[in-house]
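Residue numbers (my numbering), protein chains in the order written: chain Y, 281 to 595; chain F, 50 to 466.
A couple of the hints might just be wrong.
With a cut-off of at most 25 angstroms between alpha-carbon atoms, the simulated BS3-like pairs for lysine-lysine come out as follows [claimed, not checked]:
# : chain 1 : residue 1 : chain 2 : residue 2
1 : F       : K358      : Y       : K521
2 : F       : K433      : F       : K463
3 : Y       : K538      : Y       : K512
4 : F       : K72       : F       : K57
5 : Y       : K521      : Y       : K503
6 : F       : K433      : Y       : K459
7 : F       : K243      : F       : K67
8 : Y       : K453      : F       : K72
9 : F       : K313      : F       : K89
By construction, these hints were calculated from the structure, which means they are not laboratory data.
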Amino acid sequence: MKNKIINRRNFIKGGLGGAVVASQLKGKESQAAGAFDHYPDSMGVLVDVTRCVGCRSCEAACNQEQGLPEPEKPFNDYSVFDEVHPHGGHGREERRTTEYNYTIVNKYNVPGVDHPLFRKIQCNHCLEPACLTSCFVNAYSKTPEGAVVYDPTVCVGCRTCMIACPFYVPTFKYGSAFKPRIMKCVFCHETRLKEGRPPACVEICPQEALTFGKRTDLLEMAKSRIRSNPDKYVDHIYGEKEAGGTAWLYLSPVEFDKVGFDVHVPHEPVINFVRDFLSIVPMVLLIWPALFTGFHLLSNRKDAKSQHDEDNQEV
Amino acid sequence: MKLFTNNKQEVPIVDHCKPDGSKWSITEKLLLGLSFQDYKKQFFRNPFNWAFIIIFLIGTPILIERYLFGLGTVTHSSSDYPWGLFLGFGLFGMVPLSASGFMLGTTVELFGRKDFHPIERLALLNGLLGYFFAVLFLMVDLGMPWRLPYPMFVSLGPAAVLFLVAWHVATYLSVQVAEVLPSFFEWLGWLKGKRAIRSMVLGLTVSGIILSTLHQGALGALFTYAPGKLHPLWLSANFQWIHFFCSSIFGGLCMVIVVSTLIKKFMAWRCDDHFLETLDNLSLGLAKGATLAMITYIVIKFVAIAHDKEWAYLLTGWGQYYLLEITVAVVLPLILCVWAIRNDNATVVRFAALIVVLGIIWNRLNTALICYNWHLYQEIPHWKEVAITVLVYSSYIITYRFILYRLPIVYEWKGEK
């Protein structure tokens, strides 16, 4: 093989090669930075922490509705509230949702409050879900009714959704070798929400701690509750802005971090943090080929010059 | 092998023909010109092979356990820590160390620095194998590895960063196979194939740069999905991809220095004189490139802190750990490299390169595991997770060695080419 010199033919090949790669990949990524439209009439749930008494009936209802396995301790056993280390010594201390329970209630003893406070955890059904935007096989969708649902038939099991979810909601069936999948609250979408009925946990709540309704209406309701009882509530609706807004909204009598909420969750959709990178992708794809082929031409100018006459004869 | 190279003048094989003029068969080439008995003998004489045998005896049953009973039986992956060592080390650690392929491809083919030619093939092979085994690590970690083609053909989620990683790693793997094929064709004696690849070399190199820039960056960008979870010092929404890309530049270069050092020490019989003679100089040259990237890296690391106004974090325990990482993994080898380049000292460069390689892995483990969920609790990998990781990495070393023994990577093929 002779010295590698750039002649016209090689240059075109190089440039074309890059351009082909660029055009193939560009189509797939160009929608990347687009914004996700919110569904204006989507439903939500308002959780009023002041009203919850920790009866765990929502846990029981969810378990039954979703056909989840029977728990070790029955749902009327309240000793679970004081359990520590449920994950075998290397997990977090607090109870959390698992593949066996899509929703759980935790107890918080807050100094200055004469009774314990309870907080329900489940998927918050974000308006711009991070799980959805991070999924590379489109296993998640946000339904017009407001639920974030998951399709196990296309999931590859990469678990990026679990990395992306700011609320640590999706859980994975690690125990299954052949049929692992993501397990999370689906807002009872198939069985109830689609028909306009509230999810099982809301329906069963004896304290009306959970209110089902249009998200926009719930926001109004939450604001009026705060307005009419400014001493009872802190002036914040958790979920109004957190992670770009969630279908589930919360009112609390104390600062939210005292009842287990992560108050550091950014007030914009997680995808906004990724946009910077996504926007450079088409640029690299389009500029790099020309740029580096150009560099090649420059750095091999001497060789090319000596070959100049030869080239001319070819043409 | 050393023993035979001294006694038998026809090994190691560097040509299609034996000294007596007859041709080597493929089987003979595969057995390195030894009889089966001799090959077995040299295999068992090597103490490294005994270590590998033990690793395989322990690791294989655990790997089978993982595929029969699920990830839960061998890892501590949980709802809070979805990713463990397989990705933290195997994917995030190995991919930056494999940036060597596109770096030297660019240097030699694109910028016309023919002086780096003796080490180009090693860098390309290092890239190919690193990526290939990173994908194998991914196959261990994925819940449903049999669905690997889904993001390509079944259900596309083009707006996701991982989608870019998947596509770019897949295309880049094919590019790298093409880049390494010429040495295979020389060894095989199929010159048409080699010429076909050579004619595409510029296109391949340019697509190599594009794909590398994007997916090295994309691996970093994956963590921008976790702004509340990863410690702010290790995460910069704006610069994460540049951090990962820039560190892969010196990571890849230093990995070639480390590998070539090992080859020189343990596989000198396979190298030709040209490779051995130029290696010191080439190592210094690679280190020079690496130092520039390291300086850039340090600067943009601090630009990111300034941009996000995170100076106060540096005073915390995490901040000290961060400074320790930067100092030991980047600043120290940078100083060593600069000194060594000035004094023409290849030994120090090699030592510095080793620190850099370990430092890159440290940084990726910090990002993926140690500083992830920093406000929650610390995850310690299951010992079986470590065993599988060691097993896969050993297969990487064995494959690497198998190819180096045979293909004209660190020596030049004497026969027709």
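Tested hints:
no.: 1; hint: F:K358 to Y:K521; result: 23 angstroms, holds
no.: 2; hint: F:K433 to F:K463; result: 46 angstroms, violated
no.: 3; hint: Y:K538 to Y:K512; result: 15 angstroms, holds
no.: 4; hint: F:K72 to F:K57; result: 17 angstroms, holds
no.: 5; hint: Y:K521 to Y:K503; result: 14 angstroms, holds
no.: 6; hint: F:K433 to Y:K459; result: 21 angstroms, holds
no.: 7; hint: F:K243 to F:K67; result: 23 angstroms, holds
no.: 8; hint: Y:K453 to F:K72; result: 57 angstroms, violated
no.: 9; hint: F:K313 to F:K89; result: 23 angstroms, holds
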